[in-house]
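Can you build the whole structure from these sequences, using the hints too?
Listed below are the residues making up each chain.
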Amino acid sequence: MTKDETKQVVLDIIADIAPDEDISNLKPDVRLRDQMQLDSMDFLDIVMELRKRHNIEVPEADYPQLASLDSCAEYLTPKFTALGK
Amino acid sequence: MTSATHYDVAIIGAGMAGLAAGIRLAHFGKKVCIFERHNAPGGLNSFYSIEGRKYDVGLHAMTNFVRAGVKGTPLTKLLRQLRIDRDEFALCEQKRSRVAFGPRGEVSLTFTNDFTIFESEVARQFPAQIDGFRRLVAVIRTYDDVSLGAQPESARSVIRRHIADPLLEDMLFCPVMYYGSATEHDMEFGQFVIMFKALFLEGFARPLDGVRVIIRVLLEKYRQAGGERRMKCGVKNIVTRDGHAATLVLDNGTEVTATHIISTVGAPETDRLLQVAGTASGPTSSDAHPTGALSYTETITVLDRQPAALGWGDDTIVFFNDSEKFTYARSETQVDTRSGVICIPNNFDFGPDLQLPEGLFRCTCLASYDQWVNLPEERYREDKARWYAAIQRSAQRFLPPLPTPDALARATIATDMFTPRTITKFTGRLGGAIYGSPQKIRDGRTAIDNLYLAGTDQGFLGIIGAMLSGISMANFHILAGGK
Numbered sequence: 081m082t083k084d085e086t087k088q089v090v091l092d093i094i095a096d097i098a099p100d101e102d103i104s105n106l107k108p109d110v111r112l113r114d115q116m117q118l119d120s121m122d123f124l125d126i127v128m129e130l131r132k133r134h135n136i137e138v139p140e141a142d143y144p145q146l147a148s149l150d151s152c153a154e155y156l157t158p159k160f161t162a163l164g165k
Numbered sequence: 007m008t009s010a011t012h013y014d015v016a017i018i019g020a021g022m023a024g025l026a027a028g029i030r031l032a033h034f035g036k037k038v039c040i041f042e043r044h045n046a047p048g049g050l051n052s053f054y055s056i057e058g059r060k061y062d063v064g065l066h067a068m069t070n071f072v073r074a075g076v077k078g079t080p081l082t083k084l085l086r087q088l089r090i091d092r093d094e095f096a097l098c099e100q101k102r103s104r105v106a107f108g109p110r111g112e113v114s115l116t117f118t119n120d121f122t123i124f125e126s127e128v129a130r131q132f133p134a135q136i137d138g139f140r141r142l143v144a145v146i147r148t149y150d151d152v153s154l155g156a157q158p159e160s161a162r163s164v165i166r167r168h169i170a171d172p173l174l175e176d177m178l179f180c181p182v183m184y185y186g187s188a189t190e191h192d193m194e195f196g197q198f199v200i201m202f203k204a205l206f207l208e209g210f211a212r213p214l215d216g217v218r219v220i221i222r223v224l225l226e227k228y229r230q231a232g233g234e235r236r237m238k239c240g241v242k243n244i245v246t247r248d249g250h251a252a253t254l255v256l257d258n259g260t261e262v263t264a265t266h267i268i269s270t271v272g273a274p275e276t277d278r279l280l281q282v283a284g285t286a287s288g289p290t291s292s293d294a295h296p297t298g299a300l301s302y303t304e305t306i307t308v309l310d311r312q313p314a315a316l317g318w319g320d321d322t323i324v325f326f327n328d329s330e331k332f333t334y335a336r337s338e339t340q341v342d343t344r345s346g347v348i349c350i351p352n353n354f355d356f357g358p359d360l361q362l363p364e365g366l367f368r369c370t371c372l373a374s375y376d377q378w379v380n381l382p383e384e385r386y387r388e389d390k391a392r393w394y395a396a397i398q399r400s401a402q403r404f405l406p407p408l409p410t411p412d413a414l415a416r417a418t419i420a421t422d423m424f425t426p427r428t429i430t431k432f433t434g435r436l437g438g439a440i441y442g443s444p445q446k447i448r449d450g451r452t453a454i455d456n457l458y459l460a461g462t463d464q465g466f467l468g469i470i471g472a473m474l475s476g477i478s479m480a481n482f483h484i485l486a487g488g489k
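Heads up: the sequence lines are chains A and B, in that order. Everything in the first sequence is counted per this note's numbering, starting at 81 for the first residue and increasing by one. Everything in the second sequence is counted per this note's numbering, starting at 7 for the first residue and increasing by one.
If you're looking for bench data, these hints aren't it; they were derived computationally from the structure. There's no promise every hint is true.
Stated by the list, open to error - Distance condition first, Cα-Cα at most 27 Å in a straight line; then the derived BS3-like pairs of lysine-lysine:
hint	chain 1	residue 1	chain 2	residue 2
1	A	159	A	87
2	A	132	B	37
3	A	165	A	107
4	A	87	B	77
5	A	107	B	77
6	B	37	B	242
7	A	83	A	165
8	B	101	B	203
9	A	132	A	159
Unchecked claim - Sample of chain B residues lacking proximity to chain A, with all beta carbon distances greater than 12 Å (derived):
hint	residue
10	56
11	129
12	164
13	248
14	253
15	329
16	392
17	422
Treat the numbers as computed from the prediction; the structure is a model and nothing was measured. In this text, a Cβ means the ideal position worked out from N, Cα and C, and glycines have one as well.
As C-alpha cells, this is what we get:
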C-alpha cells in the first residue's frame with residue numbers, strides 16, 4: 081500500500097464517522113484537529129475502525145502519530161505493509 | 007455443569023442508554039445482548055397504545071436540539087458516535103415555550119431555539135438583572151461540564167453571585183429542575199449547566215411521530231450491527247464472587263454469563279440486583295445508593311381538534327408556578343399542583359402540510375410516591391379522576407383563556423394519566439423516581455469490577471444525555487482499553 085492509499089483509508093474512515101465535516105480540502109501536513117471539529121471520542125473511533133476494517137492495532141501511546149494525514153501515512157503504511165497489504 | 011450462554015457484554019435495560027451502548031459495542035464486534043423486562047423498548051421514554059391510539063410517555067420535547075452545521079454539542083456527538091444521519095430523526099423545532107410565574111402567570115419569559123429571544127425577555131422583565139444574567143451565561147458557556155474531576159458546587163450559590171432577584175432565580179431553576187433534576191431545592195452546578203445548555207442555549211425539537219421514531223432508529227442500528235435483544239426477559243439478580251460479577255440470573259431462571267455488564271436500571275435498583283438472599287457479596291447498606299425523592303404524575307388529554315382551535319396554538323412547553331416561592335421537592339400532598347409543566351405536542355413546526363392527527367394536551371406535576379403506591383384499586387381510580395381535574399384547572403391558568411369555560415371538556419375525546427405507581431410498575435424505578443438517585447456516579451464504576459452503570463444515575467440528563475451516557479460508558483470501560 082502506498083502512502084497516498086493509506087491517506088485514503090483514513091479519509092474514508094473520517095467520512096464515515098464525521099459525515100458532517102467537509103474533508104475535500106484537508107491539508108495533509110496540518111493537524112486534523114485544527115481543520116475539523118474532532119474530539120477524543122472521534123479519534124477513538126478512527127483507531128477502532130482501523131482495527132475493525134484493517135486489523136491494524138494502534139496502542140494508546142501511539143495516538144499522537146495520527147495527528148495529521150501525513151503522520152498517519154508515515155505511521156500506518158508500514159503496518160499495512162507488514163500485513164501484506 | 008452445562009455451560010451458560012456467554013456474552014462479551016450484557017446490558018440490562020433497553021432504554022436510550024442501553025440501546026446506545028449496545029450499538030457502539032455491537033458495531034465494534036462485541037457479542038452483546040440487551041435484556042429488557044418490559045415488552046416495549048425505550049425505558050423512561052417509551053410509548054403505548056390504548057384503543058388504537060398511540061401515546062408517548064416521558065418525552066415532551068427532545069432537548070439539546072441544534073441545527074445542522076453546529077458542531078461539538080451533545081446532539082452532534084451522539085449522531086457521530088451512533089452513525090446516525092440527522093435526517094433519520096426528522097426533528098421538527100418547537101414554536102416557542104415559556105416560563106410563567108404568578109397566580110395567573112403574570113410574569114412570563116418566552117424562549118425559543120434562538121437564545122437571543124430569551125435574553126431579550128430577561129432584559130425586558132428584569133432590566134436590573136440583565137448584566138448579571140449575561141455574566142452567568144458567560145460562565146455557563148465556558149464551564150467544562152463533561153469533566154469528571156470538577157468539585158461539586160451548589161447551583162443556587164453560583165446563580166446568586168450573578169442574579170439578585172429571587173423571582174428570576176426561581177424562573178431559571180424551574181425548567182432546568184423539571185427536565186432533569188434528581189435533587190430537591192438545589193442542584194449541583196455542573197448538572198445545572200448541562201440542563202441550561204440543553205434547554206436554552208440549544209433547544210427543543212421532536213419528530214412528528216414522537217419518541218417512537220428515535221427508538222425505531224436505535225433498534226434498527228442495533229440490529230444492523232448484530233446486537234441481540236431479549237424482551238420480556240429481565241435480569242433477576244447478578245451473582246458475584248470476590249467483587250466480580252460471575253452470572254446473571256434471568257427472570258425465567260436461565261443463567262447467562264458475561265465478561266462485562268452495563269446496568270441502566272439505576273444505582274439503587276442495581277444495588278438490589280446484587281443483594282439476593284444466599285449471596286453475601288452485595289454492597290452493604292452503608293454504601294448503597296439513595297432512592298430519589300422526586301416523582302411525577304402526568305395527565306394526557308386527547309382533543310378532537312388542533313389546540314390552536316382553542317386559542318392554544320402558540321406554546322410548545324410552559325413551565326409554571328403560582329406561588330411566591332418555587333418548591334421543587336418531594337410532594338407533601340398526593341400531587342403538588344402549584345407548579346408543573348404543560349406540553350402541547352401539536353405546537354412544533356412540523357412543516358406546512360403536516361400536523362398531528364389529534365390535539366394533545368399534557369400536564370406534569372410533582373407527586374408523592376408514598377401516597378399513590380399502596381392505594382386500593384377503587385380508591386386509586388377515584389384519586390386519579392380527582393387529581394386529573396385539579397391538574398387541568400391549575401395548568402389552564404397559564405394558557406390563554408378558552409373561548410368558553412367548557413371548551414376543553416367538549417373537545418376532549420380521550421384521557422389518560424400516569425402516577426408514580428405507574429412509573430415504578432413499567433420502568434422498575436424505585437420510588438417512581440424518573441430522574442433517579444440524587445447521588446450520581448459520573449465514572450459509572452460500582453463495587454463490582456466488571457459491572458458499570460449507564461443512564462440516568464451516571465448523571466448525563468435528558469434523552470440525549472441518556473444516550474451519551476451509554477456511549478461514554480461503553481467507550482470508557484470496554485472499547486477504549488481494547489478489553
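A quick look at each hint next to the structure:
no. : hint          : result
1   : A:159 x A:87  : holds, 13 Å
2   : A:132 x B:37  : holds, 14 Å
3   : A:165 x A:107 : holds, 25 Å
4   : A:87 x B:77   : holds, 24 Å
5   : A:107 x B:77  : holds, 20 Å
6   : B:37 x B:242  : holds, 21 Å
7   : A:83 x A:165  : holds, 12 Å
8   : B:101 x B:203 : holds, 18 Å
9   : A:132 x A:159 : holds, 14 Å
10  : 56            : holds, 39 Å
11  : 129           : holds, 32 Å
12  : 164           : holds, 26 Å
13  : 248           : holds, 28 Å
14  : 253           : holds, 29 Å
15  : 329           : holds, 43 Å
16  : 392           : holds, 49 Å
17  : 422           : holds, 39 Å
No hint from the list above goes unmet by this structure.
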